[in-house]
Amino acid sequence: MICPRCDSNTAEKLLDAPKDKSWEVFLCQTCWFSWRSTEDEAVTNPAKYDEKFKLKPAELDKLLAIPPIPPLKQSGTM
Amino acid sequence: MPYKNLREFLTKLEEEKQLVRIRDEVMPEPDISAAGRAAPNIENGPAVLFEKIKGYHNPAVLNVHGSWANHALMLDLPKNTPVKEQFYELDRRWSKYPIKPKWVSCGPVKEVIIKENINLFSVLPLFRVNRYDGGFYISKALVVSKDLEDYDNHNKQNVGTYRLQVKGKDLLGIQALPFHDIGIHLRKAEELNEPLPVAICIGNDPTLTFMASTPIAYDQSEYEFAGALRGEPVELTKSETGNLDIPSGAEIVLEGYIIPRSRSVEGPFGEFPGSYSGARLQAEVKIHTITHRVKPIFENLYLGIPWTEIDYLMALNTSIPLYRQIKETMPEVVAVNAMYTHGIGTIISTKSRFGGYGKAVAMRLLSTPHGMPYSKIIIVVDEYVDPFNLPQVMWALTTRVRADKDVVLIPNAPGMPLDPTSEPPGMHTKLIIDATTPVAPDVICRETELLATPPKAGEWEKIIRGLMSDKGVGK
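Protein chains in written order, with the numbering used here: chain A, 109 to 186; chain B, 38 to 512.
Hint data in this document are derived by calculation from the structure and do not stem from the laboratory. Be a bit skeptical, because a hint or two may be false.
The list that follows gives simulated cross-link-like pairs (lysine-lysine, BS3-like), each with its CA atoms no further than 27 Å apart [claimed, not checked]: (1) B:K323 with A:K121; (2) A:K121 with B:K152; (3) B:K89 with A:K121.
Among the chain A residues that face chain B by a calculated CB cut under 8 Å, a handful are [said to hold, decoys possible]: (4) L122; (5) P126; (6) L171.
Think of the CB as a built atom: it goes at the ideal place given N, C-alpha and C, for glycine as much as any other residue.
Using the sequences and the accompanying hints, generate a full structural model.
Here's what the structure looks like:
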């Protein structure tokens with residue numbers, strides 16, 4: 109399934125509604141976007157997702173890391 | 038009487054007509070966030086309890102702290118208590134710190150214990166807070182963690198509210214900024230390549246939520262401050278794993294650990310400055326245990342362009358620590374109003390000891406741990422100007438400020454990354470406006486004689502308020 113936000117073909121169904129299976133939740137394994145089947149098309153439809161909030165899979169590794177991962181402490185320095 | 042847990046407070050709110058129940062079934066989107074936006078638009082808006090949410094078993098409540106009436110009731114004050122009086126009452130209670138917690142072996146939060154097949158959606162009626170958020174968020178939880186280098190030190194245990202993005206049935210993204218206490222815990226854990234145990238407590242006594250978003254020192258205990266505010270110890274019990282202290286009356290506790298030395302896409306999220314943060318690479322929490330009350334209530338928070346619930350929640354709890362830190366060395370300071378976007382905008386009233394004192398007070402604010410990165414626009418007014426009364430503050434600005442002498446810019450200073458003017462994120466320019474009356478040795482060009490308040494005006498204010506209250510006027 110295509111992710112509405114990053115357009116990768118890596119989205120999968122995560123679960124059904126706990127009660128009456130009245131909706132489904134999907135999750136993208138590339139950009140971690142999630143959505144519910146009952147949300148409006150501005151959220152669920154890749155063609156209608158606002159360009160300003162789209163993410164490019166190739167650029168995800170370049171996003172700022174907060175907080176940065178610190179250097180490992182050498183044993184015996186504590 | 039302090040509230041033992043969220044449910045007792047909701048009962049009080051309902052008695053005081055500060056809670057409404059939505060009994061009809063609603064959709065997770067857009068109904069819940071829409072109501073979360075709408076309630077604080079109403080003067081003294083109520084908490085909103087959703088009893089039936091499509092597809093979910095459990096209820097949700099929003100806007101619990103979202104009005105000055107609810108804020109006053111949290112402190113067990115009459116619901117029409119003016120903001121400035123709430124400020125001074127909080128300051129009075131602050132002096133009672135610390136009141137040590139009471140530990141109990143069990144509590145309502147252990148009524149149901151889940152250790153297998155974790156599914157956050159089966160317990161929490163999750164919903165999208167703002168349309169372009171990266172997922173469903175837990176936005177009002179207490180995240181409890183400890184310092185791995187000093188694990189038995191109760192005071193270094195941190196209880197803070199950090200945004201949590203649901204990224205799977207048992208996985209959350211967490212924003213742990215380096216200047217937050219959990220950022221320190223995470224750094225120490227990652228230096229050792231150790232998982233950091235966390236307990237995420239949802240649905241609490243309102244003073245706990247209040248303290249979890251209060252900027253106090255690293256080695257001060259949020260639980261002991263909450264005890265001071267309540268006038269009674271907070272009741273705690275132990276988490277199932279990790280030896281963490283959790284409120285025994287919490288609705289839901291998610292237990293897990295922050296995965297060390299790993300970052301993954303998180304966000305965007307609509308944040309308290311009223312705009313979206315960007316997507317970032319942030320840490321993740323693996324959940325392995327859930328404990329909860331029977332039929333737990335999911336307390337969550339909508340935040341939008343101010344004012345929404347978060348602006349009430351982070352108003353006086355930002356003002357009081359700043360007030361006390363400044364007053365410690367500058368006793369002339371009368372009050373601090375840091376209610377604007379978590380103190381990005383701050384108004385201080387002070388008596389001036391000598392010329393230029395107003396500017397010095399502002400610079401003291403900018404050297405406090407919270408004021409340093411957050412405060413950007415600082416207005417200083419005379420001691421007789423009420424900093425919580427914006428028309429009075431505007432009067433001070435219009436009649437006291439000499440633009441050539443009283444306005445100061447400090448470029449390239451520490452900033453708050455979520456402030457959209459912060460460029461690069463984490464740096465900004467400070468603006469100080471000294472609207473105090475010049476005193477010697479400053480040059481006083483013209484003597485100014487202030488209009489006096491007629492005698493007995495204070496008495497008359499009480500009489501009129503009493504008459505309005507008796508007749509139900511203004512309720």
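(message) Let me make sure I understand: some of the numbered hints might not hold for this structure. Which ones are they, in numerical order?
(response) Those not satisfied: there are none.
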